[in-house]
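Asker: The lines below spell out each chain.
There are 2 protein chains.
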Amino acid sequence: MKYSGPTIFELGEIEALKRAVAGFKSVSTTLVPSGDDAAVVQVSDGRFVVTTDTMVENHDFRTDLSSGFDLGFKAVASNVADVAAMGARPIALVVAMVVTKNTTQAWLEDFARGLQSAIDELAPACEVVGGDLAAGEQIVIAVSAHGHLEGREPVLRSGAKPGDVLAIAGTLGRAACGLDLLLHDDTTLADSYSEWVGVQLRPKPPISWAISAASSATSMLDVSDGLSLDASRIAKASKVSVILHSQKLQGHEAVLELAAQSLTSRGQRIYSEREWVLHGGEDHSFLATFPADVKLPEGFRQIGEVVEKREHTVYLDTEELIAKGWDSVSS
Amino acid sequence: MKYSGPTIFELGEIEALKRAVAGFKSVSTTLVPSGDDAAVVQVSDGRFVVTTDTMVENHDFRTDLSSGFDLGFKAVASNVADVAAMGARPIALVVAMVVTKNTTQAWLEDFARGLQSAIDELAPACEVVGGDLAAGEQIVIAVSAHGHLEGREPVLRSGAKPGDVLAIAGTLGRAACGLDLLLHDDTTLADSYSEWVGVQLRPKPPISWAISAASSATSMLDVSDGLSLDASRIAKASKVSVILHSQKLQGHEAVLELAAQSLTSRGQRIYSEREWVLHGGEDHSFLATFPADVKLPEGFRQIGEVVEKREHTVYLDTEELIAKGWDSVSS
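Protein sequences, first through last, are from chains V and Z. Heads up: the first sequence runs through residues 146 to 476, numbered per the numbering used here. Heads up: the second sequence runs through residues 146 to 476, numbered per the numbering used here.
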């Protein structure tokens, strides 16, 4: 993506930030906003939830494939998903950035618009309450997100019980399909399937469904590294096994079938909708378990069940599924 | 600094982190520790303080001058100083890291020991409750720190009043002197003045003095970018002017005089203890204002006064002082 105009370096940190944050909105839980040594945020039940996630240029994103807006949107989405996966409502973000001496002010302002746009759409009770801008050789985006449990108990990965229903809220495999489309030599493919590319660039986890599910879910996480790997995390933490029902994943696969065929027909590699659904990350959907006698909350659909087995692993129907996914260092 | 053994890349993220965090201690305010989507932290008065700060290799530090331990220590010190400057007690940190494919596990473990050592020494009520490890071309350390106000009102930069006493707790100029010593061609100089080098590598802000001062201070911040620049921040935010009394800074200058002479005699450049004290950053001491009729709290010594002037600027005695300091992007 091309951005023109002065660099952040040319404007200086203070002026650059002043312009970039001009569009940020404030919320009532922010008692002291950014601008002092630290911000102060209200959490009336006396507990806050905190998580952090980092995106690195040329490792987690490429600036020729993602706009500044996309990256701001995704940084918010991936972090507020972690907060919501605990059953908490996202209320505050701090954003630490490394920019290069070539990063333009226009890019930074587009990034800031992406941050606020994701907040508006996904987590309107949230505010950017702090940040830091540093110089380096590549862009790094490190967001910490904070949430309010509003009196609820946090939903951990460790609470799944044998007999529970395994359910998902949100999409599966679309972000991975979108990435394969973006990376393909035939650039017309990304345009043909822009919806899946959109999930990769600007994921939209159903935050409010996750928060509503908190009162009945026995365990929950957001699918950031792929269904097989994230399901195995619930299995290990809860000391249970998880069975995925292939039949219940067919709907997720079916919508990606055409894209897989188009990609496969234009190269040497075979693309598979099943691989995307089982092992693709970054949809940031919510995977949760619920007692079998509970009506599934809004947005959640059953894709499997929890069973008592010693291996604490994941099965696809009757076959053990080798968890594949993203190791952010060695990948 | 040399570290041998396997790289983080060779071990993989999960094993590398498991080994690195093994020495971390837990505290009672951590309701859910790291390991889930997010941590949960207790703040009994229903408010939390949050700040973030980033350190970038070859911009904010060099791995030949700072050990992993030094960097872990400094990352904690600089962040908990911001929390304490609000009058809050540091209780939780999240640490987002970018490491390179050459970063050794030994370095990461030394870094983790530095984190815990700074917590032990400066903020024993604090715990590392989360983190993220990503891969990139240079090391980046982004820490977010959280504090508990324990029922106190936050101490802002904007509360200074004409007539107030300006006071400092901690050292001035030593970290800047230490940096000049480290960067000098004559490497024996750093050994001769290892105490000032130590302040640069492992600053020790007097956290408990800052927290104790919160009940009487009208404004406070930590001196991260230099006395002149940070004092001007109080002046601007409080719409007052600040007068520094040169006589009261003489003690801070006197201890650095020999180092300035040694450096000057070994090169073309003239080093000045006054420049370090007035404009040197990174001591992370606490600059605060107090009503004139209040006894200064433990650790604080008067270095000036607050006056009503339209310019909202800083004076050294009767002369206006041009604020110099660190712009983290353009420097």
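Worth double-checking, as some hints may not be accurate.
A pair holds if it fits inside one copy or across any two, identical chains being indistinguishable in the list.
Stated by the list, open to error - Taking lysine-lysine and the DSS-like style, the derived pairs with C-alpha atoms no more than 30 Å apart in a straight line are:
(1) Lys246 with Lys454
(2) Lys246 with Lys381
(3) Lys381 with Lys170
(4) Lys306 with Lys469
(5) Lys170 with Lys440
(6) Lys454 with Lys163
(7) Lys306 with Lys163
(8) Lys393 with Lys246
(9) Lys393 with Lys454
(10) Lys306 with Lys147
(11) Lys170 with Lys384
(12) Lys454 with Lys147
(13) Lys469 with Lys147
(14) Lys469 with Lys246
(15) Lys163 with Lys381
(16) Lys349 with Lys306
(17) Lys349 with Lys147
(18) Lys384 with Lys147
(19) Lys306 with Lys384
(20) Lys384 with Lys163
(21) Lys170 with Lys393
(22) Lys454 with Lys306
Since the hints were derived computationally from the structure, they do not count as laboratory data.
Asker: Run every hint past the structure and note whether it holds.
Answerer: Cross-check of the supplied hints:
In this assembly of identical chains, the alpha carbons of Lys246 and Lys454 never lie at most 30 Å apart, being 54 Å within a copy and 38 Å across copies at closest. Within a single copy, Lys246 and Lys381 get their C-alpha atoms only as close as 44 Å, which misses the 30 Å cut-off; across copies the closest is 29 Å, which meets it. Only between protomers do Lys381 and Lys170 lie at most 30 Å apart by alpha-carbon distance; the minimum there is 24 Å, versus 40 Å within a single protomer. With identical chains, the CA atoms of Lys306 and Lys469 are at most 30 Å apart within one copy only, with a shortest distance of 24 Å there and 61 Å across copies.
For a Cα distance limit of 30 Å, the shortest separation of Lys170 from Lys440 qualifies neither inside one copy, at 37 Å, nor across copies, at 41 Å. In this homomeric assembly, Lys454 and Lys163 come within 30 Å of each other (Cα to Cα) only across copies, at 26 Å, whereas the closest approach inside a single copy is 56 Å. In this assembly of identical chains, the alpha carbons of Lys306 and Lys163 lie at most 30 Å apart only when taken from different copies (26 Å versus 50 Å within one copy). For a Cα distance limit of 30 Å, the shortest separation of Lys393 from Lys246 qualifies neither inside one copy, at 49 Å, nor across copies, at 40 Å.
For a Cα distance limit of 30 Å, the shortest separation of Lys393 from Lys454 inside one copy, 22 Å, qualifies, whereas the shortest one across copies, 72 Å, does not. When the C-alpha separation of Lys306 and Lys147 is checked against a cutoff of 30 Å, the pair qualifies neither within a copy, at 51 Å, nor between copies, at 48 Å. For the identical chains of this complex, Lys170 and Lys384 are inter-copy neighbours only, at 25 Å across copies versus 43 Å inside a copy, given an alpha-carbon limit of 30 Å. Taking CA atoms no more than 30 Å apart as the test, Lys454 paired with Lys147 passes in neither setting, with 53 Å inside one copy and 47 Å between copies.
In this homomeric assembly, Lys469 and Lys147 never come within 30 Å of each other (Cα to Cα): the closest approach is 35 Å inside a single copy and 35 Å across copies. For the homomeric pair Lys469 and Lys246, the shortest alpha-carbon distance between copies (21 Å) is at most 30 Å, but the shortest distance inside one copy (37 Å) is not. In the homo-oligomer, the alpha carbons of Lys163 and Lys381 lie at most 30 Å apart only across protomers (16 Å), although the nearest pairing inside one protomer, at 46 Å, exceeds that limit. In the homo-oligomer, the alpha carbons of Lys349 and Lys306 lie at most 30 Å apart inside one protomer (29 Å), although the nearest pairing across protomers, at 48 Å, exceeds that limit.
Within a single copy, Lys349 and Lys147 get their C-alpha atoms as close as 25 Å, which meets the 30 Å cut-off; across copies the closest is 44 Å, which misses it. In the homo-oligomer, the alpha carbons of Lys384 and Lys147 never lie at most 30 Å apart, since the shortest distance is 49 Å inside one protomer and 41 Å across protomers. Proximity of Lys306 and Lys384 under a CA criterion of 30 Å is satisfied intra-copy only: 9 Å inside one chain copy versus 60 Å between copies. In this assembly of identical chains, the alpha carbons of Lys384 and Lys163 lie at most 30 Å apart only when taken from different copies (19 Å versus 49 Å within one copy).
When the C-alpha separation of Lys170 and Lys393 is checked against a cutoff of 30 Å, the pair qualifies neither within a copy, at 41 Å, nor between copies, at 44 Å. Taking CA atoms no more than 30 Å apart as the test, Lys454 paired with Lys306 passes inside one copy only; the shortest distance there is 11 Å, against 68 Å between copies.
Violation of the numbered hints given earlier is confined to hints 1, 5, 8, 10, 12, 13, 18, 21; the remaining hints are satisfied by the structure.
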